[in-house]
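K.L.:
If you read the sequences in order, they're chains A and B.
Be aware that the first sequence starts at 0, since it is given in numbering that gives the first Met the number 0, and climbs by one per residue.
Be aware that the second sequence starts at 0, since it is given in numbering that gives the first Met the number 0, and climbs by one per residue.
It is worth saying that the hints were derived from the structure and are not from the lab.
What you are looking at is a predicted structure, and each value in this text was computed from that prediction instead of being measured.
Each hint should be verified, as a subset may be incorrect.
One copy or any two copies: either way a pair holds, since identical chains are not told apart in the list.
With a straight-line Cα cutoff of 25 Å, these simulated SDA-like cross-link-like pairs (lysine to any residue) come out [as the list claims (entries may be wrong)]:
1) K83 with I114
2) K83 with L4
3) K103 with E21
4) K83 with I58
5) K83 with Y118
6) K83 with P20
7) K103 with R67
8) K103 with R45
9) K103 with R22
10) K41 with V55
11) K103 with E63
12) K41 with S3
13) K103 with A65
14) K83 with P1
15) K83 with G30
2 protein chains.
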Amino acid sequence: MPLSLQTDYALRILIYLAGRPERTQIGQVAGFYRISTHHVAKVANRLARWGYIRCVRGIGGGIELARRAEDIRVGDVVRASEGKMHLLDCVGTENICVIQRACKLRGVLARAEQIQMDYLNSVRLSDVVRPAGQLVDLLPRAARRRQPQPAG
Amino acid sequence: MPLSLQTDYALRILIYLAGRPERTQIGQVAGFYRISTHHVAKVANRLARWGYIRCVRGIGGGIELARRAEDIRVGDVVRASEGKMHLLDCVGTENICVIQRACKLRGVLARAEQIQMDYLNSVRLSDVVRPAGQLVDLLPRAARRRQPQPAG
Chain A
0 MPLSLQTDYA LRILIYLAGR PERTQIGQVA GFYRISTHHV AKVANRLARW
50 GYIRCVRGIG GGIELARRAE DIRVGDVVRA SEGKMHLLDC VGTENICVIQ
100 RACKLRGVLA RAEQIQMDYL NSVRLSDVVR PAGQLVDLLP RAARRRQPQP
150 AG
Chain B
0 MPLSLQTDYA LRILIYLAGR PERTQIGQVA GFYRISTHHV AKVANRLARW
50 GYIRCVRGIG GGIELARRAE DIRVGDVVRA SEGKMHLLDC VGTENICVIQ
100 RACKLRGVLA RAEQIQMDYL NSVRLSDVVR PAGQLVDLLP RAARRRQPQP
150 AG
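All chains should be modelled from the sequences, with the hints used to inform the complete structure.
P.N.:
Written out as structure tokens, the structure is:
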């Protein structure tokens with residue numbers, strides 16, 4: 000039951016920004032994770048649209064968290080990125096299956112989704128990068144190991 | 000976070016068999032759900048390999064549950080069909096990510112998977128088709144609405 004690559008990148012971008020409070024260029028994030036700057040820029044734009052980060056243009060620009068890490072719930076990020084994806088199609092639709100009248104799987108799967116989402120929403124971005132110091136320590140070291148990439 | 004089509008079919012085949020205790024031809028299941036006989040046969044073979052159903056060849060043959068519906072846990076079926084799929088790759092792998100040392104997302108996602116699986120394993124196949132009578136009522140009616148298909 001894998002999450003999409005977009006969600007993977009969204010969470011990693013947020014973790015990076017939470018671990019490094021200052022404004023960051025997209026190329027730095029991409030270089031750090033060794034993923035495409037283009038993809039990071041695309042996901043960063045979505046994160047900005049969903050209100051999680053700010054994209055600041057121009058000299059000294061870059062991306063930064065738009066909310067405190069304590070105020071970002073992991074489940075909300077997953078839900079924003081994944082959209083209304085269900086374990087099976089029948090969960091989100093009426094009258095899709097011939098046995099729907101006698102089948103309770105739909106309710107079971109909806110509950111399974113909700114239980115997982117409730118747990119993910121009990122976790123804040125700040126919980127994931129804690130203790131914050133460790134991530135801040137990692138970032139400059141990792142950045143030194145590769146060439147800088149152009150900011151997105 | 001959708002399940003695969005194989006899991007969808009596996010659950011639907013089991014629900015059909017649990018709702019209709021007598022031996023059933025694969026073509027009947029396929030016709031009932033209006034899905035490909037080839038695909039039903041393929042998934043039925045896997046269900047047999049995992050020990051959930053029996054495939055009986057020859058005249059009077061067909062497929063039937065190999066265990067009581069009360070003894071089949073929904074989570075086990077999902078796990079057998081999905082394999083070791085994780086929400087993100089990092090959950091099932093060591094040393095995949097540059098921030099692993101400082102990132103707690105891996106543990107959070109592993110816990111989210113486990114919570115969902117624990118719930119799905121609290122549900123039995125018999126819970127999903129309950130009350131069993133309703134599904135038995137549906138099956139012959141639905142079968143009458145379409146042409147019979149060859150048994151797989």
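K.L.:
Each of the hints needs a verdict: does it hold here or not?
P.N.:
Status of each hint after checking the structure:
1. Both within a single protomer and between protomers do K83 and I114 lie at most 25 Å apart by alpha-carbon distance, with minima of 15 Å and 20 Å respectively.
2. Taking CA atoms no more than 25 Å apart as the test, K83 paired with L4 passes in both settings, with 16 Å inside one copy and 18 Å between copies.
3. For the homomeric pair K103 and E21, the shortest alpha-carbon distance between copies (21 Å) is at most 25 Å, but the shortest distance inside one copy (50 Å) is not.
4. Taking the closest pair of Cα atoms, K83 and I58 never come within 25 Å of each other, the shortest separation being 38 Å inside a single copy and 46 Å across copies.
5. Taking CA atoms no more than 25 Å apart as the test, K83 paired with Y118 passes in both settings, with 17 Å inside one copy and 21 Å between copies.
6. In this homomeric assembly, K83 and P20 never come within 25 Å of each other (Cα to Cα): the closest approach is 31 Å inside a single copy and 36 Å across copies.
7. Taking identical chains as interchangeable, the C-alpha atoms of K103 and R67 lie at most 25 Å apart only when they sit on different chains, with a minimum of 18 Å there against 41 Å within one chain.
8. Taking identical chains as interchangeable, the C-alpha atoms of K103 and R45 lie at most 25 Å apart only when they sit on different chains, with a minimum of 23 Å there against 36 Å within one chain.
9. With identical chains, the CA atoms of K103 and R22 are at most 25 Å apart between copies only, with a shortest distance of 23 Å across copies and 49 Å within one.
10. In the homo-oligomer, the alpha carbons of K41 and V55 lie at most 25 Å apart inside one protomer (15 Å), although the nearest pairing across protomers, at 53 Å, exceeds that limit.
11. When the C-alpha separation of K103 and E63 is checked against a cutoff of 25 Å, the pair qualifies only between copies, where the shortest distance is 20 Å, while the shortest distance within a copy is 45 Å.
12. Taking the shortest alpha-carbon separations for K41 and S3, only the intra-copy value of 14 Å comes in at or below 25 Å, while the best inter-copy value is 27 Å.
13. For a Cα distance limit of 25 Å, the shortest separation of K103 from A65 across copies, 21 Å, qualifies, whereas the shortest one inside one copy, 42 Å, does not.
14. In this assembly of identical chains, K83 and P1 lie within 25 Å of each other by CA distance both inside one copy and across copies; the values are 14 Å within and 10 Å between.
15. In this assembly of identical chains, K83 and G30 lie within 25 Å of each other by CA distance neither inside one copy nor across copies; the values are 31 Å within and 29 Å between.
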